[in-house]
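As given, the protein sequences belong to chains A and B, one line each in that order. Just so you know, the first sequence maps onto residues 1085 to 1331 in my numbering. Just so you know, the second sequence maps onto residues 48 to 234 in my numbering.
Calculated directly from the structure, the hints in this document are not laboratory data. Heads up, a few of these hints could be off.
What the hints assert, rightly or not - Among chain B residues calculated to face chain A with C-beta under 7 Å, some are:
no. : residue
1   : Gln57
2   : Val66
3   : Pro154
4   : Phe231
What the hints assert, rightly or not - Which bits of chain A does chain B cover? Going by a derived footprint, with three or more residues having C-beta under 8 Å, they are:
no. : segment
5   : 1113 to 1120
6   : 1128 to 1137
Each residue gets a CB set at the ideal place from its N, CA and C atoms; glycine is no exception.
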Amino acid sequence: MTLDHNESRLLLPTYRREPATGQPPLDTPGYRSTRLRHPTKPLVVLPQRLTEVTGPLFGEDRVRPGESDLTTRHAGEPLGQRIIVHGRVLDGDGKPVPNTLVELWQANASGRYRHVVDNWPAPLDPNFDGTGRAVTDAEGRYNFTTIKPGAYPWRNHDNAWRPAHIHFSLFGRAFTQRLVTQMYFPDDPLFFQDPIFNAIPDAAARERMISRFDMAGTRAEWALAFEFDIVLRGSAATPFEEEDDDE
Amino acid sequence: MSELLSTPSQTVGPYLSLVLPWEDGPFAVAEGTAGAIWITGTVYDGSGAEVPDALVETWQADDNGRFTHPDDPRGGATTPGFRGFGRCPTDEHGRYRILTVKPGALPTPEGGTEAPHIDVSVFARGLLNRVVTRIYFADEADANATDSVLASVDANRRNTLIAQSAGDGYHFDVHFQGERETVFFDV
Chain A
1085 MTLDHNESRL LLPTYRREPA TGQPPLDTPG YRSTRLRHPT KPLVVLPQRL
1135 TEVTGPLFGE DRVRPGESDL TTRHAGEPLG QRIIVHGRVL DGDGKPVPNT
1185 LVELWQANAS GRYRHVVDNW PAPLDPNFDG TGRAVTDAEG RYNFTTIKPG
1235 AYPWRNHDNA WRPAHIHFSL FGRAFTQRLV TQMYFPDDPL FFQDPIFNAI
1285 PDAAARERMI SRFDMAGTRA EWALAFEFDI VLRGSAATPF EEEDDDE
Chain B
48 MSELLSTPSQ TVGPYLSLVL PWEDGPFAVA EGTAGAIWIT GTVYDGSGAE
98 VPDALVETWQ ADDNGRFTHP DDPRGGATTP GFRGFGRCPT DEHGRYRILT
148 VKPGALPTPE GGTEAPHIDV SVFARGLLNR VVTRIYFADE ADANATDSVL
198 ASVDANRRNT LIAQSAGDGY HFDVHFQGER ETVFFDV
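Kindly generate the complete structure, drawing on both the sequences and the hints.
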């Protein structure tokens, strides 16, 4: 062997490919907005190389004090049911993802977003803007205090209503792990008619978007609690062949 | 070992602009960085209409082909002010822009070389998952000719991945559908 070992082989992690039934097809006719936006040609498999197995590592630098409490950022208190939303960010091996940015947005208690294109006849709340940021701790834990969002109508189909949900955006530690999802609440009666929730073919995978009511996490005389663990793609271990070759 | 399956993706919906755009989002490098370029373009839907509610994110190596990341064993980025990540919501005309530097070429685990490229994610209402594409550069014809990812793409569609020189940088449009549908990747 004449190769310099430092240059002979670049060893990179590999992020596992999971069953397609655990993710929503881009072409989901029941969700009308996909019609003109989903790719029509098959996706090309991209090998996972340096650009894919690395990614931006955003942490405390992207969060200002108080951004994880959506109930204390205005002159008064927002209306609605005060809740704690907490959980862990894990990778597919069950390992916590520490010090990673979590971004969140949601409707207010009446189901209205403070956004220029949301003008259905439900009231805005001057004390709630529905945006939050937090960073996970060393055990991958995050914690928000907010208001339980209301359901809201949309024009996808006749009398369509979105189940109450909170949008989450996460980076993890690699381009392959980037995730935007929605957290739902247990036993929502609107699930059956929601094409976004039901776009995921596998029922068990849909369950992974539903938070758990967490009595132990409640704060007496203050707030209810919901627990939502978020799993980012796992990586296969770096192969060991290199070491074997050296022996 | 217990393997957990991922939390499924859901659409960003129409209200992503409440929190995802950052004031410094479009700056993958600091303003004033030597050799900085603007990558600009428009996102189009299948009717040819501009998409005014998308978010474009970019991730790339610095001009020496380096990442500041523990899984890159070669050492970190060397360009001062380099973040490598850009994020820009589209405006009412579907336009986005990212200030960055042209990345260097990259070694592959197989011993080859990847042509300079930027990984791109596009999020939008109507996209239940992000779509992923890559930006390559028209003035890197020799490197592009030997890039294995480009080679894996139908030759008739390869040009959808090539940014063209324009003004103070490069131009790269994204077409979700249509005759010029961008090549999207399964990463």
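Please list, smallest to largest, the hint numbers that this structure does not respect. none
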